[in-house]
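Trainee: The primary structure of each chain is shown beneath.
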Amino acid sequence: MALEITAARPDPAMLDLPWELPLETWPEEHLAALPRGISRHVVRFVKLSGKVLAVKEIKADIAVREYQLLRMLNRLDLPCVEPFGVVSGRTAADGTPLDACLITRHLQFSLPYRALFSQSLRPDTTTRLIDALAVLLVRVHLVGFWWGDVSLSNTLFRRDAGAFAAYLVDAETGELHQTLTAGQREHDLDIARVNIAGELMDLEAGGFLEAGVDAVDTSNRIVERYAELWQELTGLERFERGDRWRVDERIRRLNELGFDVDELAISTDIGGTTIQIQPKVVDAGHHSRRLLRLTGLDVEENQARRLLNDLDSYRAGTDRQNDDEEIVAHDWLQRIYEPITRTVPRELGGKLEPAELFHEVLEHRWYLSERAGHDMPIEDAIADYVKTVLPSKPDEATVVGVDTVEMPVVAMFDDD
Amino acid sequence: MATVKFDEATRLYPGNDKPSVDKLNIDIEDGEFLVLVGPSGCGKSTSLRMLAGLEEVNAGKIWIGDRDVTNLSPKDRDVAMVFQNYALYPHMTVADNMGFALKIAGVDKGEIRKRVEEAAKILDLEQYLERKPKALSGGQRQRVAMGRAIVRSPQVFLMDEPLSNLDAKLRVQTRTQIASLQRRLGVTTVYVTHDQVEAMTMGDRVAVLKDGILMQCDSPRRMYDHPDNVFVAGFIGSPAMNLLDVDVADGGVKVGGSTVPVERAILDASSGKNITLGVRPEDLELTTEGQGIPVTVDVVEELGADAYIYGSTKAHQHVEADEDAEGERPFIARVDGRKPPKKGETVFLAPKTGHVHAFDASSGQRLGD
Chain A
220 MALEITAARP DPAMLDLPWE LPLETWPEEH LAALPRGISR HVVRFVKLSG
270 KVLAVKEIKA DIAVREYQLL RMLNRLDLPC VEPFGVVSGR TAADGTPLDA
320 CLITRHLQFS LPYRALFSQS LRPDTTTRLI DALAVLLVRV HLVGFWWGDV
370 SLSNTLFRRD AGAFAAYLVD AETGELHQTL TAGQREHDLD IARVNIAGEL
420 MDLEAGGFLE AGVDAVDTSN RIVERYAELW QELTGLERFE RGDRWRVDER
470 IRRLNELGFD VDELAISTDI GGTTIQIQPK VVDAGHHSRR LLRLTGLDVE
520 ENQARRLLND LDSYRAGTDR QNDDEEIVAH DWLQRIYEPI TRTVPRELGG
570 KLEPAELFHE VLEHRWYLSE RAGHDMPIED AIADYVKTVL PSKPDEATVV
620 GVDTVEMPVV AMFDDD
Chain B
105 MATVKFDEAT RLYPGNDKPS VDKLNIDIED GEFLVLVGPS GCGKSTSLRM
155 LAGLEEVNAG KIWIGDRDVT NLSPKDRDVA MVFQNYALYP HMTVADNMGF
205 ALKIAGVDKG EIRKRVEEAA KILDLEQYLE RKPKALSGGQ RQRVAMGRAI
255 VRSPQVFLMD EPLSNLDAKL RVQTRTQIAS LQRRLGVTTV YVTHDQVEAM
305 TMGDRVAVLK DGILMQCDSP RRMYDHPDNV FVAGFIGSPA MNLLDVDVAD
355 GGVKVGGSTV PVERAILDAS SGKNITLGVR PEDLELTTEG QGIPVTVDVV
405 EELGADAYIY GSTKAHQHVE ADEDAEGERP FIARVDGRKP PKKGETVFLA
455 PKTGHVHAFD ASSGQRLGD
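Sequence lines, in order, name chains A and B.
Throughout the first sequence, residue numbering follows the numbering used here, covering 220 to 635 in sequence.
Throughout the second sequence, residue numbering follows the numbering used here, covering 105 to 473 in sequence.
These aren't lab readings, by the way, just hints derived from the structure by calculation.
Given the structure is predicted, the values throughout are model-derived calculations rather than measurements.
Just to be clear, a hint being listed does not mean it is correct.
Listed below are several chain B residues computed to face chain A (Cβ distance under 10 Å; list not exhaustive) [stated by the list, open to error]: (1) Y193; (2) D200; (3) Y328; (4) H459.
All C-beta atoms in this analysis are idealised placements derived from N, C-alpha and C, irrespective of residue type, glycine included.
Could you build the full structure based on these sequences and the hints that come with them?
Mentor: Right, here's the structure in full:
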């Protein structure tokens, strides 16, 4: 059978990869990292034209299905890995047919949860990861995606101004529906809770979990955070006609959570004395969209919030409240953001994303100012940060790794 | 363990005018292995998901034991979806990997240990309980994952196409293992597949669905020997049953050049002048030229003791509405493997007495017993 490559933007260099070899035996020269542990499927990270790609060996129909699902999720603007292509029709040199490969792009500056736990942690890392996963789960559920295998290991995390942003990595079990039933959402949540508890217990058994964290209690947090967020994003609210400010208040709360309201249903009872509102279409990325519009910077939601705050103080500090916002933003970008992020020596560029670095520098300036008892200029803060803090940070641009042992559905009594 | 009852259970998706599952009635016995089978879109997965609580039930009810679970959330139903993607955790022992979900459910330590040991015994994992998954073979790891579902001792196991991503050989092997494990555990199990061979080899009973409607629910043997309608007749069995639209004659039906005897009661039950006659490939015998059904042999598949001939016939056949009734139709027969006909030859085949099935030509329902 002839090799068949399906990709939206195929890279001819793909043809140079050793497709005639089982993925497990690919030579080291192609790999971006050495494989660790055992996964449900064979997964390898490969280098290709300066990119890092994740290659997963699975049955052709499953590969195509997952590729298409990931494309749809991307089109729906959900945070998930970007599908790169499917290679099928593979045969070994002796003619044996080989399974297909699903290829996704490695998400730059993303971290598997296990990588985070092998670093020294801020005390509430676990809860911040779970909060990020709750946001992701709510977002995929809002568009009708049933995940089916929600877990920390099927998620990648990007730093987001002290918090995390979660990305869906594995859509193999997923299904896209018109809308989800309450039962489907609950089932996903239950899967999430059990998987998170298992993953935390495993970290505990390996000695990686923060002291004082109870795996079971912590896993329940996903259910609580999800319920709160779901209620805020979709719940019906009733109030008296006189309390119309509550419409604005609801929109403000949603913005605060990082969501824009695209459609809000407002209705009154027959007498018109009570009003009820319910968000119908909400869109994540309230702050990041605003920042993108103003500056062209495409960053995570909390980073955007942070940058927008700095932009606001710049505007106030330079007394330009009456100037056009876009023009001030352009100046801020040229005079503050870019010089700061460019100060980082090239060899330290792989430590943090520029926006996260900017956030860290702002934090650092706050500490320095507090210690000095007066405001420190940002230029001093970045110089000190690059000298004293940044070098000790781990490189996070291309942290790759698969090390959860997930089980294939294979014969149960095959080999012992 | 418990019985399961689908009681007029109906699922109508918003925006559809036809239900995806239409008034489904099935009574599943305690400890039974029931397989839901049918072509894609027949409602088998939807039915399973209604039982799991993942799909709403728009009309009718679902019972587990004497509990009406129709409106319960999935986790309150005491069912386990087996073969979800179970992860095994590398730093935890086999015992902890099997029992940790019970810890989440608040089961006390002694009870967890007891259930893990019981499951390990059934799964032949007793001597590995204190090891880490890394030290196990692939098959043992798979059994640990199975153990996770078993220790929960749910009332019902649910399996949705669990073997779909396996290659053919492994599928055959694994289906036998699942069936034997289910029998040892004695837990009521509902299993979904699109593969009728899987259904027939695994189930105590098989429920065939088509377009959301239950066509028949019977033991594999009964289903094979006594299909209730043309759909089941054609769907169950491999190679498939030959189905021919034939004219009713005196004391029988006209097939090719001769008359195949059919009971008077059956002929009387028919609504029209023709009926659909069904004959399984193994229920045919070679007969003399001019008798029975003339079949031109296209392919001969020799299997040693037997041979299958794949050919075509011009005898009036049961046809789909959009097909040309006068054209040639495929026809399959099993013949003696020692003297199979040759490719290109025309043979004459007669159904063995008592081995013909008759269906009403318009309703498709079985005629007679």
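Trainee: Does each hint fit the structure? Answer for all of them.
Mentor: Outcome of the hint check:
no.: 1; hint: Y193; in the structure: 4 Å, holds
no.: 2; hint: D200; in the structure: 7 Å, holds
no.: 3; hint: Y328; in the structure: 27 Å, violated
no.: 4; hint: H459; in the structure: 37 Å, violated
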